[in-house]
Amino acid sequence: MNLDSKIPEGPLSEKWSSHKFNMKLVNPSNRRKYSVIVVGSGLAGGAAAASLAEQGYNVSCFCYQDSPRRAHSIAAQGGINASKNYQNDGDSVHRLFYDTVKGGDYRAREANVYRLAEVSSDIIDQCVANGVPFAREYGGLLANRSFGGAQVSRTFYARGQTGQQLLLGAYSALSKQIGLGKVKMFNRHEMLDLVKVDGHAKGIIVRNMATGELTRHASDAVVLATGGYGNVFFLSTNAQGCNVTAAYRAHKRGAGMANPCYTQIHPTCIPVHGDKQSKLTLMSESLRNDGRIWAPKDAEVAAMIRKGETDPNTVAEDDRDYYLERKYPSFGNLAPRDISSRAAKEACDEGRGVASTGLGVFLDFRDAIKRDGQKTIKERYGNLFDMYQCITGDNPYETPMMIFPAVHYTMGGLWVDYNLQSTIPGMFVGGEANFSDHGANRLGASALMQGLSDGYFILPYTVGNYLGEQGVATAGKVTTEHPAFAEVEANVKARIDKFLAIGGTESPRSFHKRLGHIIWEQCGMARSKEGLEGAIKDLQALRKEFWTNLRVVGDADGINPELERAGRVADFIEFGELMCRDALMREESCGGHFRVEHQTEDGEALRDDENFAFAGVWEYMGDDVEPQLHKESLIYENVKLATRSYK
Amino acid sequence: MEKTMDLTLKVWRQKSANSTGTFETYGVKDVSEGSSFLEMLDTLSEDLVEKGKEPVAFDHDCREGICGSCSMTINGIPHGPEKATTACQLHMRHFHDGQTITIEPWRAKPFPVIKDLVVDRSPFDRIIQSGGFITSRAGSAVDANAIPINKATADYAMDAAACIGCGACVAACPNASAMLFTGAKASHMNSLPQGKAEKDRRTLAMVTTMDGEGFGGCTNVGECEAACPKSISLDMIAQLNRDYATAQLKNFFKPVA
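Going down the list, the sequences are from chains A and B. For what it's worth, our numbering labels the leading residue of the first sequence as 1, then goes sequentially. For what it's worth, our numbering labels the leading residue of the second sequence as 1, then goes sequentially.
Calculated from the structure, these hints are not laboratory results. Check each hint, because a few of them may be wrong.
Dumping the calculated BS3-like pairs for lysine-lysine here, alpha-carbon to alpha-carbon at most 27 Å [what the hints assert, rightly or not]:
id : chain 1 : residue 1 : chain 2 : residue 2
1  : A       : Lys513    : A       : Lys307
2  : A       : Lys184    : B       : Lys109
3  : B       : Lys151    : A       : Lys84
4  : A       : Lys307    : B       : Lys83
5  : B       : Lys109    : B       : Lys3
6  : A       : Lys544    : A       : Lys513
7  : B       : Lys230    : A       : Lys375
8  : B       : Lys51     : A       : Lys498
9  : A       : Lys370    : A       : Lys327
10 : A       : Lys544    : B       : Lys53
11 : A       : Lys513    : B       : Lys151
12 : A       : Lys182    : B       : Lys196
13 : B       : Lys3      : A       : Lys276
14 : B       : Lys51     : A       : Lys513
15 : A       : Lys544    : B       : Lys51
16 : A       : Lys276    : B       : Lys10
17 : A       : Lys378    : B       : Lys151
18 : B       : Lys230    : A       : Lys378
19 : B       : Lys196    : A       : Lys84
Pulled a few chain B residues facing chain A out of the computed Cβ check, cut under 7 Å [said to hold, decoys possible]:
id : residue
20 : Gly34
21 : Asp61
22 : Gly195
Positions of the beta carbon are idealized from the N, C-alpha and C atoms, including for glycine.
With the hints as extra help, turn the sequences into a complete structure.
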């Protein structure tokens, strides 16, 4: 597997501009001869499809939702970072770059992160021009807020719906191109496999989810912008449809999968309420500015609270353990996401958890309300308190909120070089689906930045460069008549037929839940050698059981949510095994990856830069064959590696 | 411990776009009051799968009230009885043990049923494709602070842009009018300085497409605003009417597009 990162020569700050100059260009009149497939219509996919069409390429865009406007980018709340330095508080491209590398616990590629920081300003300009109604000051200029992991105010926002507004901006640009006929949009279509011809990505096989029809689509390049794999945990903050299938199918066709064990667990989500729950809801991290996190000191008190026999408000001050304030006195309740999440898990593991399941801790505003008054707290967090009350039925002004960590972002993904090209030539990967920019931990408000950076400003250049290198003589030469398409389509069809033919007794959702349980317990917030080895065995057994005892009702001829889930769960089970292997291989703790064997005396993450400053890239070798590990060394020329401390 | 309830559901079942549908009655037991409405439907699905029957198909995705996928009429009200709440954010504590709940798809001619509770809302996409955008090629933008926008205008644009495109306004309207949806998007873009250049063209194109898709006219009933999970105001319709009249007048003297 060739892991040439293709980082351009020259100083960090000149790499992108010199690379752009050295790229092959495609003459505007020749662009219409090429076609590009974009899978996914979120920030990365929607923006890439619109921008490539604006340049004159023929684009086909696919999404599983009924409209491109529904991609899960829409659910991002907080904001988008950019190094505009509108606040005159010392921000710069270099500072955003530095914060992102450090926030990622020194496991991201320097050149990519620098470019991300470099184009961040252009993103804000582009979005404003598109009509995104960012928050403004009375003077009419853009407002900023601060966010975790940074000491400057560089986050732009549109109320608590920044993702929605950015996505609708990209959607409107995409819609214009659809209206002009430059983008052919395929809603309710799910990519089920990648087609390669002579080693290059040349098309995809999709299923029309409304009619069940399988169709072939050929192109000169393929862009995957299919999001993250958080739903491998069953319960996450992802949308119900989010899945790893497109990325995993491409992996099976030869694309390297990098750092799958890097997942981010967000500390402030609403706890699970029972075994019927389908998803977890995030509460903004900003709540930790005024709320104090605690669990009862005594497990018996916690048990009484769980049963509803004790009102948490009556627990005496001395019987409360404000564990973040105790362990991290200088950061207190504002300790980073990974650290806060692990501390909550520890409290619950000790039997001191609250909520009906015992998996919850308190986020208490009693003292803040006493200090600042209910009115002030309402002004700051009113909408979040309302949301909490809507979901739980509890009034957080009167009874402390309960929170618990939940999976909400995955930093790992398909390996890409500096051009965002995977190990399969002609297949590019953007947004959360690739591994490139966030290392082992993502900072808040950086996901939106990366999605739009890839979509508006990177892929439109690098895809064009690839097409130019291939030459106009190759444009449109491979059609769906090529035997490779028939072969892959037959594979896809056989797989669907197999799902329907198993005729067992267990539903896809039930398998999904069991998978999620294994991954959450063994490859969640704390991982151990023993646990991971056990999980790999359990997942192999689960896979066998899945393929012998699955029950998919209905048929393949139309909308069939059971069939859709079966395909996704089948891939998630295999992917989960890869995650565990990656976590087992990485004998260190970094960012969202915490190995219990690798911690300091006081329980902090212990990184091993000497042996693990690399991206772990897995090559698929066949079913029931161990995948092969390849390494891309991470070389830091501009940032000095240091230990994160929040004591 | 959480309270649970037993419910009777009358659910619209329809095999495909071309078949005729009918209500089927199902019982669900032990629904916890902390479940969302869609989790209650998940429970029904698992029960049906257990019996080898096809589960009820319905659109849903984010389950946090923002993607606009979920689309069902619950006891006659799009998204159900709670004000400013999508079906996915509606929780079962608002229902009671022994209750009968009727669940139907959006009922509107431009939104044909594809299966069970799933309808085709692509006319909304086509309205946007015809004019619901501000043309600005990637790479062509000026600095974001080059055009100051007063806060009131920015807030108004945001109020309009909060629409999630779910279609409840159409389902609630006796005329199946899409004026609230179209008005919200047009008002969002028409009110911003960046959107002024295409304002008249945009307004005419969106209204023409809206009419062509078969949506009815607005007769000021106001059901759309009441059903809207994002509380989009009727003012957006008034704004659209004003912008449309102005654009038509201008277009009469000198074509705007």
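Please verify whether lysine 51 of chain B and lysine 513 of chain A have alpha carbons no more than 27 Å apart. The hint holds at about 20 Å.
Given pair status - lysine 84 of chain A, lysine 151 of chain B, alpha carbons within 27 Å: Status holds; Cα separation ~20 Å.
Less than 7 Å between beta-carbons is the criterion; does glycine 34 of chain B satisfy it with respect to chain A? holds, 4 Å
Next on the checklist: What's the verdict on lysine 513 of chain A and lysine 307 of chain A, does the C-alpha distance respect the 27 Å limit or exceed it?
Outcome noted: The given pair, whose Cα atoms are some 26 Å apart, holds under the 27 Å limit.
Taken at face value, is the distance from the CA of lysine 84 of chain A to the CA of lysine 196 of chain B at most 27 Å? holds, 26 Å
* Under the criterion that the straight-line Cα-Cα distance not exceed 27 Å, is the pair lysine 184 of chain A, lysine 109 of chain B satisfied? -> It holds: about 25 Å lies between the C-alpha atoms, which stays within 27 Å.
Lysine 182 of chain A paired with lysine 196 of chain B [C-alpha distance capped at 27 Å]
Holds - the C-alpha atoms of lysine 196 of chain B and lysine 182 of chain A are around 25 Å apart, at most 27 Å.
- request: Measure nothing beyond the straight line between the CA atoms of lysine 307 of chain A and lysine 83 of chain B; if it is 27 Å or shorter, mark the hint as holding.
  value: With Cα atoms ~32 Å apart, lysine 307 of chain A and lysine 83 of chain B exceed 27 Å; violated.
Notebook entry, point to check: Under the criterion of a CB-CB separation shorter than 7 Å, is aspartate 61 of chain B in contact with chain A as hinted?
Noted result: holds, 4 Å
_Run the distance test for lysine 230 of chain B versus lysine 378 of chain A: straight-line Cα separation, threshold 27 Å._
With Cα atoms ~20 Å apart, lysine 230 of chain B and lysine 378 of chain A stay inside 27 Å; holds.
Is lysine 276 of chain A close enough to lysine 10 of chain B, meaning Cα to Cα at most 27 Å? holds, 21 Å
**OP:** Quickly compare the C-alpha distance for lysine 109 of chain B and lysine 3 of chain B to 27 Å and report which way the hint goes.
**Re:** violated, 40 Å
Violation of the numbered hints given earlier is confined to hints 4, 5 and 11; the remaining hints are satisfied by the structure.
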